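Residue-level listing of the chains:
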Amino acid sequence: MKEQLEALQADALQRIAATETIRELQDIKVAYLGKKGSLTGVLRGMGKLSKEERPVVGEIANHVRTAITTALEEKTEKLEQAELEKQLEEETIDVTLPGRPVKVGGPHLLTNIVQEIEDLFIGMGYEVREGPEVETDYFNFEALNLPKNHPARDMQDSFYITNELLLRTHTSPVQARTMQEYNGEKPFKMICPGKVYRRDTDDATHSHQFTQIEGLYVDKNVRMSDLKGTLDKFAKKMFGEDREIRLRPSFFPFTEPSVEMDISCKVCDGKGCSVCKGTGWIEILGGGMVHPKVLEMGGYDPEVYSGFAFGMGPERIAMLKYGVNDIRNFYANDIRFLKQYHKA
Amino acid sequence: MLVSYNWLKKYVDLGNLTPEELAAKITKSGIEVEGVEYVAEKSTNVVVGYVESCEKHPDADKLNLCQVDVGEEKLQIICGAPNVAQGQKVAVAKPGAVLPGNFKIKKVKLRGIESNGMICSLKELGIEEKYIPTDIADGIFVFPEEATVGEPVDELLNLNDAVLELDVLANRADALSMLGIAYEVAAILDQPVKLPDEAVQVEESATVANYVSVEVEAAELNPYYGAFMIKDVEIKPSPLWMRNYLMAAGIRPINNVVDITNYVLLEYGQPLHAFDYDRFGSEKIVVRRAKHDETLTTLDGQERILTDENLVITNGKEPVALAGVMGGLDSEVASETTNVLLEAAYFDAITVRKTVKQTGLRSESSTRFEKGVDPNRVRKAGARACLLLQQYAGGKVIAGTAEFDRLDRTEKVVEIDTPHINNRLGTEMTTDDIASILKRLQFDYKQDDDHFTVHVPTRRGDITLFEDMLEEVARIYGYDNLPFTLPEGAGQSGGLTVRQHLKRRVKNFVQGAGLMETLTYSLTNERDVKRLISPEVASSAASPVALAMPMSEDHKYLRLSILPELLNVLSYNRARSQVNLGYYEMGSIFISGQNELSEQPDEQLRISGALTGIWSEQAWQQEKKEVDFYVVKGIVEGLFDFLQIPVTYSQTKVTDMHPGRCAVVKVADKTVGFIGQLHPTLQKQLDLKETYVFDLNLEEVFAAYDAVPSFTAIPKYPSIARDIAFILDKNVHAGDVKKVIEEVGAPLVNRVDIFDLYQGDNLEEGKKSIAYSLLYQHPEKTLKDEEVEESYQKIIAAVNEKFNAYVRS
Ligand SMILES: [Zn+2]
Numbered sequence: 001m002k003e004q005l006e007a008l009q010a011d012a013l014q015r016i017a018a019t020e021t022i023r024e025l026q027d028i029k030v031a032y033l034g035k036k037g038s039l040t041g042v043l044r045g046m047g048k049l050s051k052e053e054r055p056v057v058g059e060i061a062n063h064v065r066t067a068i069t070t071a072l073e074e075k076t077e078k079l080e081q082a083e084l085e086k087q088l089e090e091e092t093i094d095v096t097l098p099g100r101p102v103k104v105g106g107p108h109l110l111t112n113i114v115q116e117i118e119d120l121f122i123g124m125g126y127e128v129r130e131g132p133e134v135e136t137d138y139f140n141f142e143a144l145n146l147p148k149n150h151p152a153r154d155m156q157d158s159f160y161i162t163n164e165l166l167l168r169t170h171t172s173p174v175q176a177r178t179m180q181e182y183n184g185e186k187p188f189k190m191i192c193p194g195k196v197y198r199r200d201t202d203d204a205t206h207s208h209q210f211t212q213i214e215g216l217y218v219d220k221n222v223r224m225s226d227l228k229g230t231l232d233k234f235a236k237k238m239f240g241e242d243r244e245i246r247l248r249p250s251f252f253p254f255t256e257p258s259v260e261m262d263i264s265c266k267v268c269d270g271k272g273c274s275v276c277k278g279t280g281w282i283e284i285l286g287g288g289m290v291h292p293k294v295l296e297m298g299g300y301d302p303e304v305y306s307g308f309a310f311g312m313g314p315e316r317i318a319m320l321k322y323g324v325n326d327i328r329n330f331y332a333n334d335i336r337f338l339k340q341y342h343k344a
Numbered sequence: 001m002l003v004s005y006n007w008l009k010k011y012v013d014l015g016n017l018t019p020e021e022l023a024a025k026i027t028k029s030g031i032e033v034e035g036v037e038y039v040a041e042k043s044t045n046v047v048v049g050y051v052e053s054c055e056k057h058p059d060a061d062k063l064n065l066c067q068v069d070v071g072e073e074k075l076q077i078i079c080g081a082p083n084v085a086q087g088q089k090v091a092v093a094k095p096g097a098v099l100p101g102n103f104k105i106k107k108v109k110l111r112g113i114e115s116n117g118m119i120c121s122l123k124e125l126g127i128e129e130k131y132i133p134t135d136i137a138d139g140i141f142v143f144p145e146e147a148t149v150g151e152p153v154d155e156l157l158n159l160n161d162a163v164l165e166l167d168v169l170a171n172r173a174d175a176l177s178m179l180g181i182a183y184e185v186a187a188i189l190d191q192p193v194k195l196p197d198e199a200v201q202v203e204e205s206a207t208v209a210n211y212v213s214v215e216v217e218a219a220e221l222n223p224y225y226g227a228f229m230i231k232d233v234e235i236k237p238s239p240l241w242m243r244n245y246l247m248a249a250g251i252r253p254i255n256n257v258v259d260i261t262n263y264v265l266l267e268y269g270q271p272l273h274a275f276d277y278d279r280f281g282s283e284k285i286v287v288r289r290a291k292h293d294e295t296l297t298t299l300d301g302q303e304r305i306l307t308d309e310n311l312v313i314t315n316g317k318e319p320v321a322l323a324g325v326m327g328g329l330d331s332e333v334a335s336e337t338t339n340v341l342l343e344a345a346y347f348d349a350i351t352v353r354k355t356v357k358q359t360g361l362r363s364e365s366s367t368r369f370e371k372g373v374d375p376n377r378v379r380k381a382g383a384r385a386c387l388l389l390q391q392y393a394g395g396k397v398i399a400g401t402a403e404f405d406r407l408d409r410t411e412k413v414v415e416i417d418t419p420h421i422n423n424r425l426g427t428e429m430t431t432d433d434i435a436s437i438l439k440r441l442q443f444d445y446k447q448d449d450d451h452f453t454v455h456v457p458t459r460r461g462d463i464t465l466f467e468d469m470l471e472e473v474a475r476i477y478g479y480d481n482l483p484f485t486l487p488e489g490a491g492q493s494g495g496l497t498v499r500q501h502l503k504r505r506v507k508n509f510v511q512g513a514g515l516m517e518t519l520t521y522s523l524t525n526e527r528d529v530k531r532l533i534s535p536e537v538a539s540s541a542a543s544p545v546a547l548a549m550p551m552s553e554d555h556k557y558l559r560l561s562i563l564p565e566l567l568n569v570l571s572y573n574r575a576r577s578q579v580n581l582g583y584y585e586m587g588s589i590f591i592s593g594q595n596e597l598s599e600q601p602d603e604q605l606r607i608s609g610a611l612t613g614i615w616s617e618q619a620w621q622q623e624k625k626e627v628d629f630y631v632v633k634g635i636v637e638g639l640f641d642f643l644q645i646p647v648t649y650s651q652t653k654v655t656d657m658h659p660g661r662c663a664v665v666k667v668a669d670k671t672v673g674f675i676g677q678l679h680p681t682l683q684k685q686l687d688l689k690e691t692y693v694f695d696l697n698l699e700e701v702f703a704a705y706d707a708v709p710s711f712t713a714i715p716k717y718p719s720i721a722r723d724i725a726f727i728l729d730k731n732v733h734a735g736d737v738k739k740v741i742e743e744v745g746a747p748l749v750n751r752v753d754i755f756d757l758y759q760g761d762n763l764e765e766g767k768k769s770i771a772y773s774l775l776y777q778h779p780e781k782t783l784k785d786e787e788v789e790e791s792y793q794k795i796i797a798a799v800n801e802k803f804n805a806y807v808r809s
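Those protein sequence lines, which keep their order, are chains A and B. Anchor point for the first sequence: position 10 equals 10 in the UniProt record's numbering, and the numbering is continuous, going up by one each time. Anchor point for the second sequence: position 78 equals 78 in the UniProt record's numbering, and the numbering is continuous, going up by one each time.
By construction, these hints were calculated from the structure, which means they are not laboratory data. The structure displayed is predicted, hence computed values, not measured ones. Misleading hints may appear alongside valid ones.
Said to hold, decoys possible - Beta-carbon label-pair distances, calculated as ranges:
hint : chain 1 : residue 1 : chain 2 : residue 2 : range
1    : B       : GLU599    : A       : CYS268    : 34 to 40 Å
2    : B       : PRO95     : A       : GLU244    : 37 to 43 Å
3    : B       : VAL98     : A       : CYS273    : 26 to 32 Å
4    : B       : ASP641    : A       : CYS273    : 51 to 57 Å
5    : A       : CYS273    : B       : THR148    : 30 to 36 Å
6    : A       : CYS273    : B       : ALA546    : 27 to 33 Å
7    : B       : ALA546    : A       : THR96     : 56 to 62 Å
8    : A       : GLU244    : B       : ALA546    : 45 to 51 Å
Unchecked claim - Straight-line alpha carbon distances no greater than 25 Å define the calculated DSS-like cross-link-like pairs of lysine-lysine that follow:
hint : chain 1 : residue 1 : chain 2 : residue 2
9    : A       : LYS148    : B       : LYS689
10   : B       : LYS689    : A       : LYS277
11   : A       : LYS343    : B       : LYS42
12   : B       : LYS503    : A       : LYS266
13   : B       : LYS354    : A       : LYS271
14   : A       : LYS339    : B       : LYS689
Claimed, not checked - Okay, the calculated bits of chain A under chain B, using three or more residues with CB under 8 Å as the criterion:
hint : stretch
15   : 89-101
16   : 118-124
17   : 184-193
18   : 201-213
19   : 228-237
20   : 241-251
Backbone N, C-alpha and C fix where the C-beta goes; we use that ideal spot for every residue, glycine too.
Assemble the whole structure, with the sequences as input and the hints as a guide.
This is the structure:
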């Protein structure tokens with residue numbers, strides 16, 4: 001019987017090796033190991049064996065079963081692998097064909113600039129506030145130390161609707177409104193972005209509508225050096241860590257002392273070029289210490305509180321940062337312009 | 001303000017500073033120098049020459065043959081200038097000379113005769129035409145007799161001078177004078193100021209009272225009026241140096257009397273006016289408000305109609321000058337003038353400003369009065385002009401001044417102290433530092449330990465408060481020397497409000513959906529302000545908000561819809577061959593319920609979009625698709641889905657929209673906007689292809705937004721899907737059927753989607769088939785088939801009854 005079993009094993013293994021399909025392997029499995037299979041048939045004859053021979057033959061039979069089973073499994077796996085490889089080969093596609101297009105929209109360049117500035121100041125503890133674009137004469141001028149007859153509030157410079165209402169000429173009225181809301185009691189830091197309007201004829205550098213962002217910090221013991229430090233942080237974040245800032249004395253009715261801030265020209269690194277008109281510096285924003293009359297009208301005691309304020313034009317910043325050479329580009333909305341900057 | 005570098009040197013030692021270096025220092029200290037220009041481009045080899053003889057060219061009528069002595073040699077020069085004559089001293093460009101514009105002078109032959117050089121006009125020497133005296137505009141320049149033959153002309157004519165262009169802001173009226181600039185530069189450089197001479201020898205034989213008296217009826221508008229009398233003047237050109245400085249400062253020389261008043265105006269910042277005494281019309285000056293409709297012909301020959309807002313100088317009968325703005329033609333100094341009545345006065349700034357605005361006459365004088373002149377310099381300026389008239393016009397200055405005087409000349413007092421200054425600036429200045437800054441500014445002060453009582457000179461009318469002095473100290477100390485610090489106040493948490501976050505999220509959503517953000521103008525024209533107004537806006541707005549004085553018809557009204565401007569932007573792009581566009585804008589419209597505005601209009605935040613052209617491009621596995629109603633609706637639906645706000649759409653007619661392709665959008669029965677196709681007529685008018693728009697009131701949308709959604713458990717039990725296709729009449733709206741399914745299916749039907757629409761073959765005429773997929777789900781149990789079937793049948797019955805529909809098999 002032993003010889004019979006060994007012959008059976010050799011025969012099975014040879015058939016398995018020669019097989020090329022999974023289906024045939026299944027047939028082989030049935031032919032040898034199935035209920036009516038050869039091995040089962042041989043084992044059925046075990047009953048005729050002696051008590052001593054039975055375990056020996058039994059063990060050989062088990063070996064044969066294991067050998068056939070293992071061979072079957074190995075061959076199956078090999079064939080499956082081959083089949084999978086063939087399938088994958090057939091599934092190969094042309095990866096150089098384009099993908100399904102996704103419609104690409106995006107923000108306006110000015111929105112990006114404004115958000116960048118907002119986020120930068122939010123990081124320094126500022127809140128963002130908004131105000132009406134149609135303002136009262138009081139908030140646009142009077143509360144900012146620009147009484148009637150002040151030369152800086154020429155009727156020719158503003159779009160009046162009635163004697164008392166006009167399109168705001170700056171976002172500063174939001175400063176006055178915020179001070180009033182906080183009732184002269186609470187220290188605060190805020191910035192206010194928004195649209196403003198002036199009587200300018202639209203050309204490459206003027207627009208009757210433009211954007212402004214102003215900031216205001218009111219507290220006890222606010223120093224001018226705090227303004228300088230804050231603006232320096234802003235300028236370095238916005239224009240690069242290697243930029244230097246310079247403050248120059250200036251004049252605004254709502255601040256005293258007043259400053260204008262320049263940054264060192266990136267084009268020539270401060271050596272002087274056509275962009276900076278040879279000075280090495282580029283004017284970025286204006287600001288100063290809040291005028292005591294403005295604090296007072298806002299309800300803050302100028303003997304106790306002080307503050308600083310600053311204001312800048314996102315259009316100008318965008319023009320400097322991205323080399324936009326005509327302010328009208330921002331409002332013409334030519335798709336070819338918008339697409340250049342929506343990732344900015 | 002144009003500041004001549006050479007002129008400034010008369011008052012302050014500028015050391016070795018170049019004009020550019022000086023400009024940089026002035027800018028850093030607070031007055032921005034916008035540019036440095038030279039009076040003329042450099043020329044070489046141009047000297048003073050003496051015209052020894054001058055004859056007509058034998059072969060040319062308009063040319064003269066001159067023999068000119070230029071010192072080392074004599075040159076034969078042919079000159080075409082009409083005013084050349086024997087005995088003149090002129091500017092000669094010798095052969096080899098280079099004039100501005102790189103014009104090289106060579107020996108030439110003109111009509112057969114040799115010409116060895118050129119006799120120059122001021123224009124040829126590089127002086128700007130508008131500053132050249134009119135009488136020599138077409139001719140050569142003639143030097144005064146004392147000029148030395150052979151001397152180079154550039155210094156004589158001040159051609160090498162640099163002019164600093166200062167941008168003087170409203171607060172620094174003092175910087176509108178050479179003396180003011182001198183004090184500023186002296187403070188910057190820590191140098192003294194050399195003041196000009198005002199001491200005049202007067203004629204004691206008579207007093208001014210013999211000639212004129214002064215009466216002021218409006219003292220509040222004219223607190224000081226001084227009149228000086230100068231007799232026997234000779235009108236001629238002013239000295240060359242004065243003409244040079246005036247031209248450098250941008251003023252065209254006229255004659256000695258006018259030039260002297262202009263010169264002192266520039267030097268002291270105090271406007272003066274010279275009347276021809278003999279044509280003044282009386283011996284009495286009366287200053288008063290003009291009478292209504294009174295007229296005055298000003299120097300420029302224009303007749304001005306006055307009101308009582310204007311202040312006038314009169315001869316007791318009629319106006320002879322518009323105070324502080326411009327003199328009258330009748331009493332103007334002319335070539336035959338011999339006796340001059342000189343005015344030095346202080347006029348109210350606001351009155352002058354009003355007059356300037358009313359007449360449009362802005363002059364060097366009015367500019368200074370408008371900003372405020374130094375009360376302590378009015379008399380001094382008068383005296384200075386008298387001295388110059390004596391020196392350069394041969395005038396006899398009569399003793400005394402006819403005056404009206406109620407002028408306040410007291411100095412403002414400001415208290416400052418070292419700790420307060422350091423606290424506000426963040427500096428560590430010493431008391432000595434501050435004292436030295438006050439000295440450099442030439443401000444008088446009394447010091448008590450670290451406290452200063454500062455007497456601010458009246459030339460600095462801008463300084464009245466501690467903060468003003470703080471700025472003075474800071475700018476002389478140098479803004480560069482301030483430290484960099486950050487606020488030490490208790491930290492606050494900054495951040496965006498819910499509304500600000502929402503605005504950003506909505507923008508991000510629509511951008512993600514493929515729309516590009518635009519920014520357009522809020523001001524629009526009469527046509528556009530009436531267009532594409534959302535129905536709920538139309539019902540609440542009275543009339544559009546209009547500007548009182550628009551600059552143009554294009555920007556006259558505040559918009560009531562973002563869409564018209566967005567459509568203009570589409571047209572603009574289309575005209576540039578950009579035809580496939582999806583644009584949106586978020587911004588305010590301005591609604592007022594009032595016809596006569598007395599309150600601020602309601603500023604309503606809206607988002608509007610406009611789409612046109614191809615939405616999906618033809619690709620290898622995708623068909624080309626134009627924008628249609630459902631592209632726009634999909635974006636709007638997606639937005640509301642994202643915000644989780646339930647919304648309904650119903651067919652409506654909106655002006656300017658396609659009547660069959662427009663829907664209003666409602667949140668909880670409130671109209672919040674509309675979507676649809678533009679009316680084809682409007683499309684055509686705007687030269688647009690099929691265009692679809694949406695317009696939503698974000699105020700209402702945000703109000704419906706639930707900022708902190710409460711947690712809803714994810715359903716645990718399985719759902720069952722069922723599909724139904726109904727055959728319906730063509731005019732039945734898919735949404736209406738959906739609504740019935742939802743109502744009848746509630747609460748088991750969780751969701752209803754429309755997944756197919758079919759109309760055409762195999763269907764009866766006038767019918768369509770719409771397929772719905774229903775999702776059944778119960779939050780607390782697994783639904784049984786019977787329960788679903790029962791609901792399903794109910795739905796079929798209800799739809800059948802309501803719409804006469806039957807299920808398609
Ligand atoms: Zn540069």
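Here is how each hint holds up against the structure:
1. Judged by the Cβ atoms, the range 34 to 40 Å given for GLU599/B and CYS268/A is violated: they are separated by roughly 52 Å.
2. Distance hint check: the CB atoms of PRO95/B and GLU244/A are about 52 Å apart, inconsistent with the given range 37 to 43 Å.
3. The supplied range of 26 to 32 Å is met by VAL98/B and CYS273/A, whose beta-carbon atoms lie about 29 Å from each other.
4. Between ASP641/B and CYS273/A the CB atoms are about 53 Å apart, so this pair conforms to the stated range of 51 to 57 Å.
5. Roughly 44 Å separates the CB atoms of CYS273/A and THR148/B, a value that falls outside the hinted 30 to 36 Å.
6. Evaluation of the 27 to 33 Å hint for CYS273/A and ALA546/B yields a failure: the beta carbon distance comes to about 46 Å.
7. In this structure, ALA546/B and THR96/A meet the distance hint of 56 to 62 Å, their C-beta atoms being roughly 59 Å apart.
8. A hinted range of 45 to 51 Å for the beta carbons of GLU244/A and ALA546/B is consistent with their spacing of about 48 Å.
9. Straight-line distance between C-alpha atoms of LYS148/A and LYS689/B comes to about 51 Å, which puts the hinted pair past the 25 Å bound.
10. The suggested pairing of LYS689/B with LYS277/A is violated, with an alpha-carbon distance near 47 Å, which exceeds 25 Å.
11. About 51 Å separates the Cα atoms of LYS343/A and LYS42/B, which puts this hinted pair outside 25 Å; it is violated.
12. This hinted pair does not check out: LYS503/B and LYS266/A have alpha carbons roughly 34 Å apart, beyond 25 Å.
13. In summary, the hint linking LYS354/B to LYS271/A is not supported, as the alpha carbons are separated by about 45 Å, beyond the 25 Å threshold.
14. Under the criterion of a C-alpha separation no larger than 25 Å, the hint pairing LYS339/A with LYS689/B is consistent with the structure, at around 22 Å.
15. Taking a C-beta to C-beta cut-off of 8 Å, the stretch 89-101 of chain A contributes 4 residues in contact with chain B, enough for the three needed, and the coverage statement holds.
16. Counting residues of the stretch 118-124 of chain A whose beta carbon lies closer than 8 Å to any beta carbon of chain B gives 5, which reaches the threshold of three, so the coverage claim holds.
17. Counting residues of the stretch 184-193 of chain A whose CB falls under 8 Å from any CB of chain B gives 3; the rule of at least 3 is met.
18. Using a Cβ-Cβ cut-off of 8 Å, 3 residues of the stretch 201-213 of chain A lie near chain B, which meets the minimum of three, so the contact claim holds.
19. Coverage of the stretch 228-237 of chain A by chain B holds. Counting CB-CB distances below 8 Å, 5 residues qualify, and the rule asks for three or more.
20. Remark: the stretch 241-251 of chain A is confirmed as covered by chain B, as 6 of its residues place a Cβ nearer than 8 Å to a Cβ of that chain, reaching the required three.
Consistency note: the structure conflicts with the earlier hints numbered 1, 2, 5, 6, 9, 10, 11, 12, 13.
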